[in-house]
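S.K.: Residues per chain, in single letters:
There are 2 protein chains.
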Amino acid sequence: MAISNIRYGEGVTKEIGMDLQNLGARRVCLMTDKNLSQLPPVTAVLNSLAKYGINFQMYDNVRVEPTDQSFLDAIKFAKKGEFDAYVAVGGGSVIDTCKAANLYASGPMSDFLDYVNAPIGKGKPVSVPLKPLIAVPTTAGTGSETTGVAIFDFKELKVKTGIASRAIKPTLGIIDPLHTLSMPERIVANSGFDVLCHALESYTALPYNMRSPCPSNPINRPAYQGSNPISDVWALHALRIVAKYLKRAIRNPEDREARAKMHLASAFAGIGFGNAGVHLCHGMSYPISGLVKIYKPKDYNVDHSLVPHGLSVVLTSPAVFAFTAQMHPERHLEAAEILGADIRTARIKDAGFILADTLRKFLFDLNVDDGLAAIGYSKADIPALVKGTLPQERVTKLSPRPQTEEDLSALFEASMKLY
Amino acid sequence: MAISNIRYGEGVTKEIGMDLQNLGARRVCLMTDKNLSQLPPVTAVLNSLAKYGINFQMYDNVRVEPTDQSFLDAIKFAKKGEFDAYVAVGGGSVIDTCKAANLYASGPMSDFLDYVNAPIGKGKPVSVPLKPLIAVPTTAGTGSETTGVAIFDFKELKVKTGIASRAIKPTLGIIDPLHTLSMPERIVANSGFDVLCHALESYTALPYNMRSPCPSNPINRPAYQGSNPISDVWALHALRIVAKYLKRAIRNPEDREARAKMHLASAFAGIGFGNAGVHLCHGMSYPISGLVKIYKPKDYNVDHSLVPHGLSVVLTSPAVFAFTAQMHPERHLEAAEILGADIRTARIKDAGFILADTLRKFLFDLNVDDGLAAIGYSKADIPALVKGTLPQERVTKLSPRPQTEEDLSALFEASMKLY
Ligand SMILES: NC(=O)c1ccc[n+]([C@@H]2O[C@H](COP(=O)([O-])OP(=O)(O)OC[C@H]3O[C@@H](n4cnc5c(N)ncnc54)[C@H](O)[C@@H]3O)[C@@H](O)[C@H]2O)c1
Ligand SMILES: NC(=O)c1ccc[n+]([C@@H]2O[C@H](COP(=O)([O-])OP(=O)(O)OC[C@H]3O[C@@H](n4cnc5c(N)ncnc54)[C@H](O)[C@@H]3O)[C@@H](O)[C@H]2O)c1
Ligand SMILES: [Fe+2]
Ligand SMILES: [Fe+2]
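Just so you know, the sequences run in chain order A and B.
Counting along the first sequence from 1, when you hit position 301 you're at 300 in numbering that gives the first Met the number 0, and nothing is skipped either side.
Counting along the second sequence from 1, when you hit position 31 you're at 30 in numbering that gives the first Met the number 0, and nothing is skipped either side.
Think of the hints as simulated: they come from the structure by calculation, not from any bench.
Check before you lean on any hint, since a few could be wrong.
Same chains, same names: a pair is fine if it fits in one copy or spans any two.
Below 35 Å or equal to it, Euclidean Cα-Cα: the simulated DSBU-like pairs (lysine-lysine) are [said to hold, decoys possible]:
id, residue 1, residue 2
1, Lys-243, Lys-348
2, Lys-396, Lys-243
3, Lys-154, Lys-13
4, Lys-13, Lys-360
5, Lys-348, Lys-246
6, Lys-243, Lys-123
7, Lys-50, Lys-154
8, Lys-396, Lys-154
9, Lys-79, Lys-348
Bear in mind the structure is a predicted one, so any value in this text is a computation, not a measurement.
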């Protein structure tokens, strides 16, 4: 497995101008979103670029929860700018958009579908060399600064999908926990749930030596390889941090320690799932986000409906882990214990229920909407949700327990109401 | 921090021919040592090269505990061969020699001292592009497959030193635990002690934010950055594996689980110390190895005197951690607990003694020679040992507690006898 470069510490953003000088960059593309363009993380980057005399153009038109259209807009900007380096300052939406811009601007003749995951796109391997990309995450969530993944909402199909290739992994992630201080409560919560699910899903993913087919030539193996002894270290470590610090980080914006720990946990979980993969919560989340009707989450300063990624992932987690537990009950029980369950008298066959209950309690304490019904879905939407999950086989096949369409229906149904 | 690519699993060596094909390699240099050239790890690699029709030349003249002379001999071979890829099959001695051969064959005009660590050499940054190097570790020790370090014994100065640059980090480490099964008892023990010390030293190294001077330009920062939240994860994880499996791996050559776990722990600890660094046990070990007189360790199939690296490192560990504990007593106590000490009633100010005692007991149980005296040193050698430690400032300055020459003398003296 390969792991990105990361630099961690309060204030390390001030070095970014020097990093770009060291890279010999002469035309830098700085990407962010409209909301962030007014906030301290972007200011810190701008100050450093100014100090080191870096020539750059700013693109602040990134869409929160990007779409194929918003990717294409950023790609157009990137092609025109002929940049020799990229800087992404933001959450997963910004970093993912910047990865796509860098990729398609580097191979200007590619058709957009070329690199999109099969079966939706062609899933071609990337052979063009990309420009360096420095990612400065401002949420504590996606870990996108450490992964070779870029996710977008394919409007036409009403389903989220992505591009996955080691080639788009950022050259450097600058993890500066100061940037997390400006996050409002729900953004901390939702991006934190993403970390939680990255850790839980990668720890319970199908083990790497049980995948089939396992391409015999290493070059053809997907980035997501199943759980393995190395990703396990990252997943467990991230899960322990989530258990200890996520509530504190959400409740108290002044709790620098908790926010800093979550910022690091996000990268740790990213390294873990970037190698092991995620499974059902993520696979099912893509239609939950893609089919959104009118939900407008609190604290998101945007003008369109959206189900924040972390929320779309965590709402099915009780049902999903109750379903998967029978394949690795010990791991599910261990996760429940890390998240605070008392498992001294627990029976191994109850592992799934125990983890599901622990998750429900965790979400209830954090004022999370009461299931898919609370964000606008009803039973009538289940067939569409299932249909949107089926093409996500890149991740769903990493579920430790195989699932039929009926299983998926039942999982969506069980996630309508949580408490 | 940057972390290498690794592939882990029983039998994964059989893919190496495919990896070389994927790299487009047409002239491969296969390096190993005389002893290993007759053993299963090399056979497994040869079989795969044959199967995929890889054209290669073999160099099996690596010296166990390499010297400047033995490095130069390998470099000469590499220059002459004009290789486009390297494969190193062996312990740290082989992997380090192969890194040096790749480096100097890539910049054929370099003087040997150019890249050797200052103040002994010139410590120049590497700017030439190297060829891919695939490392196949056969000991569970150095973690050299994950580090940008190559260590050798500088004969003229009678001191070990090295080359440290991210550029020489292997492209891929193939960690195939089957290779550990042929290791005789003392090689498992001594290379395991190296893992133990990598973990303990990197976990207790000066924290990354307390180093001074901290070069303001990131490009000038050394590979060894001090302990940090990421290296801590690796160090602790490796330490837990050592605590649980090292004794089993030493005592029972058939204990595949224990040997496999130690093989992975070696890479984990390598990733940890490759980023955080090591400190006094390693700094003091270099003259202990370099000044060797007539010690011939059991189980080493070589014709010259040597103090195996892991042994040279671990013999001072009780004295070193008793000395450093006052700077981070909690971490020293935590390490003692992981290694089996009962710390329920321990006082924090005794952390150093407790860890030292735990280590002594650990070594005694494993039949380790009773201190420096048992491997041929006496009080009269202490000034020379101290003198050989002074130029190791690259690591000694990472000690959490600064040390005078008198301190070093006292540490060597306290290490003459352990039990
Ligand atoms: N690439 C990957 O590996 C990966 C993994 C998981 C999710 N994702 C994708 O990432 C996207 C979600 O990213 P996200 O959860 O990081 O959020 P986001 O980037 O969508 O941002 C959410 C909102 O938070 C605001 N925000 C971000 N940082 C802030 C700060 N420090 N202070 C104040 N406001 C701030 C943004 O302006 C935005 O309005 C989704 O599209 C999801 O599918 C990608
Ligand atoms: N580069 C780094 O990061 C790093 C770190 C620590 C140590 N080192 C260096 O590495 C060297 C020590 O390496 P090491 O401890 O791995 O041992 P080694 O390479 O010196 O090998 C020791 C002996 O074990 C034999 N051997 C190795 N694998 C075997 C197997 N599977 N079966 C049977 N015999 C086997 C070898 O033939 C040799 O005789 C020292 O020079 C040390 O300074 C390097
Ligand atoms: Fe996610
Ligand atoms: Fe070592």
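S.K.: Give a verdict on every hint.
M.R.: Tested hints:
Taking the shortest Cα distances, Lys-243 and Lys-348 sit within 35 Å of each other both inside one copy (26 Å) and across copies (28 Å). Proximity of Lys-396 to Lys-243 under the C-alpha cut-off of 35 Å is found in both arrangements, the shortest distances being 31 Å within a copy and 34 Å between copies. For a Cα distance limit of 35 Å, the shortest separation of Lys-154 from Lys-13 qualifies neither inside one copy, at 38 Å, nor across copies, at 45 Å. Taking identical chains as interchangeable, the C-alpha atoms of Lys-13 and Lys-360 are never at most 35 Å apart, the minima being 40 Å within one chain and 48 Å between chains.
For a Cα distance limit of 35 Å, the shortest separation of Lys-348 from Lys-246 qualifies both inside one copy, at 29 Å, and across copies, at 34 Å. Proximity of Lys-243 to Lys-123 under the C-alpha cut-off of 35 Å is found in neither arrangement, the shortest distances being 41 Å within a copy and 44 Å between copies. Taking CA atoms no more than 35 Å apart as the test, Lys-50 paired with Lys-154 passes in neither setting, with 41 Å inside one copy and 48 Å between copies. Taking the closest pair of Cα atoms, Lys-396 and Lys-154 come within 35 Å of each other only inside a single copy of the chain (24 Å); across copies the shortest separation is 57 Å, beyond that limit.
Taking the shortest Cα distances, Lys-79 and Lys-348 never come within 35 Å of each other, neither inside one copy (58 Å) nor across copies (64 Å).
Going through the hint list in order, the structure does not satisfy hints 3, 4, 6, 7 and 9.
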